[in-house]
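**Student:** Position in the sequence shown (from 1) plus 835 gives the number in the numbering used here.
Hints are computed from structural coordinates only; laboratory data are not their basis. What you were told as hints is all true, and nothing was included just to trick you.
Simulated restraints, written as ranges between beta carbons of each label pair:
| id | residue 1 | residue 2 | range |
| --- | --- | --- | --- |
| 1 | 1371 | 1014 | 20 to 28 Å |
| 2 | 1030 | 1117 | 20 to 28 Å |
| 3 | 1184 | 1264 | 41 to 49 Å |
| 4 | 1032 | 1199 | 26 to 34 Å |
| 5 | 1355 | 1404 | 50 to 58 Å |
| 6 | 1014 | 1334 | 40 to 48 Å |
Nothing here was measured: the structure is a model prediction, and the numbers come from that model. By construction, the Cβ of each residue, glycine as well, lies at the ideal position given by its N, Cα and C atoms.
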Amino acid sequence: MITRPIIILVSIALMCSTNVIGQHLITMQNNTALDYGFQVVQSGNITLNTSQYTVMSTLLTAYANEMAMLEFEPDTIMSSGDTVDFDGILTNSSDTIIIQMRVTMGNAGYEVFHSGAGNGFDLAWFDDLNFHGATFTVQGDPFTFKFKRIPDIVDNDDDVLFAIQEDFIYSIDSTDLNNPNVINVMTYNIQMTPIVSFNFFERATYFPELISPYQDVVVLEEVFEDMTRINDLTPGMLAVGFPHYTAVLNDTALSYITSPTNGGVLIYSRWPIETEEEIKYANCSNNGAFDCLASKGVKYARVNKLGKLYHIFGTHMEAGGSAADVQYRIEQYGEIANFMDTLSIPADEAVIFTGDLNTGPKDGLEYDSLRSNTNPIIPLHTGYFESTFSYADTGRIIDHVWGQADHLHPIESYNKVITFRSVDSVMWGIFDFSDHRTVLGRFVYPGIQPGPLVDTALCAGDTLTLSVGSSDPLLYQWTLDGIDIPGANANTYTINGASASSIGTYVCDVTNYNIYGDQGDVLSPIFYPEGPDTLEQTYTFTIAAIGYQDPCGVGVSEEVGGRDISVVPSPNDGRFELRIADFAKYEQIELYNSVGSLVSKRAITGPSIRYDISALGPGMYFIRIGGKAHSAATRIILY
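Just need the whole structure built from these sequences, with the hints factored in.
**Tutor:** Put into C-alpha cells, the structure is as follows:
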C-alpha cells in the first residue's frame, strides 16, 4: 500500500579479516505502512556483474519484518586496492535517503563501512557495533532511520540491519477527553502467552508510553503472564494516567478456575469503573489452538465518564480453525449476547463490545452468525486493512471495537487499525509488541439534556421558545398532543402569539439515523457483504405542558403548586387521588380546564379525595383548594 512518496538508498560497511569472507546480508525492518520498490546500483573501481551479488527482493513491503534485501560475497571477487560500492535504492516516489555500503580491499584485509544521509541529516562513516541513525520527516510526519551491525565472528559473515520507523502512530482530539459524549476505546491482543511468546518485560514496559494521553479505555487480551502484568504492565499504565482497571478475566486465583492460565482480558480506564462482571465460556477445544489452556470468557466494566455511563465488554474468543473451534466460537457469540441481556442495561445507555473475536468479515457464514447473534454497530474502518500480520490480506480483521444496536446508537463512529512498533535499543530485534495490530474505536453519542418539564399557562399573544436540549446533528420533530407540527424540525420550537390552539402537551421526537457500509472505501463492502445497514433510533421527550388564559388572569393563577396539595399518580388517565395536607384549613375544591373555565366544585371532607374525570379527555386541568385564609393550586395532566 503506497501512500507517501519516498526513496531510500541502502548501503553497508563492515571490517573483516583477510581470511575467507562469508556472505554479507543486508536486511530491512520496515516499520511504516508504505511499500517501497527496491533496486541496487553498484559502483567502484571494479564493476560487478549481477551474478556476483544477489538482490533478494525488489519490493520492501509495508511492515516487513527483517526482510532480506541484498547479499554480497567479496571473497573471490576483490583484490588489494579494490573498492566496491552498493547503493540500495528504496523508492516511494520523490523523497530520498542514501545509505551507503563501501567495501574496500587493502593489505590488512577487507573493510566495510556504513553511513547514511537524507532529508536533514548526513551521517559519518561507521564500522563499529553501536547504533547509528537520524530522524527526518516525510510529508511533515516524523520518521526514524536506524542501523546496527550484527556480528558473526564464527563465520565472518557479519550482517547489517537497517530500520525505518514512522514515529507518529496515532492522535486523538484533545477536546474528546473532557466531552462525556465521546469515548475512545482501544483493543489490543498483546500476546503475553507463556512458553510460546517472549520479551514480556520489554514489551510491557514500552507499550504504555505509546498510548495517547486522551485515550479513555484500553482493553487488552492475552495478558496471561501474571508477573509481567503485576510488576510491569499495570505500573506502566498507572504512570500514563489509567488509575482504574479490572481484575484479569477468570484469574487462576479463583477456586472455580481450573485452567493453567487466566482468561487474559483486562480493562484499563482513565475514568471510574463503577462495577465489573465476568463469565467463562462454556466450552473450549484443544484441536486447533489449545484454547483449554486458558480460561476465556467476557469481562464487563461499567465506566462513568463525567457522568455518562459506558458499558464495556472485552473478550477473547475461541481460536483455531478446526470444526470444534468454529462450533465453540459460534456458541460464544450467543454467550456474550446472553451476558449482555442478564445485566439489564438501559436501552438509552451505550454498549461497546470489543476484543479479539477471532472472526472477521472474510469468514463467511461464521461472520454472519456473529452479526446475527450480537446485533453490532460496525463502524467505518480506516487505517490499515488487516489486524494481524498477514500482509496484503485485505479484510483480515479479527479484532474489533463495535457498538451494539439494541442500546444507544452513536451519532458517528470509526475503527482504525494501527501498528505499534519500536526501534528503541531495548526493543531492537523485537520491534513488534504483539502478533496483532491495535484497533482504535471512537464513538460520539447524543448529548440530549431536555431539562425539567415546562409547565405554564400562557396569556393571549405570548411567545415561548421550547428546547429539547441538544445541538447534535439529529432529526427533530415536534408534536402537539401527538400531532406533528408542520415545519417544526429543529432542536427548538417557538410558540408565537399564544392562543387557545397553543394548549396541550409538547413533545420532541429525536431520531438518530445512520447508514453503515455505504462509504465507498475498500473495507465497507467486505464488512457489509449484503449491502449497507440502515439504523434508526428515536427517543421521545415531553418538553412542555401549556395552558392558556384569555383575558390573562382569569381562572387559575400561574403561580400554582404548594406543599399542601398533590395529585397521585401524575400524569394520569383522569382517575387520581387528591391529597391535601392540613385539610382543615380548606373548605372547597374547584376544578378548571386549561382555558380557566370552572368544570366542577365540591367540598373538602378529608385529607384524601378520589376523582374520576376520565370522561373529560386528555389535556391539562387545574385544581384549586381554598379556605377563609388559605389557598393552593396544582396542575393535572391527563393522557
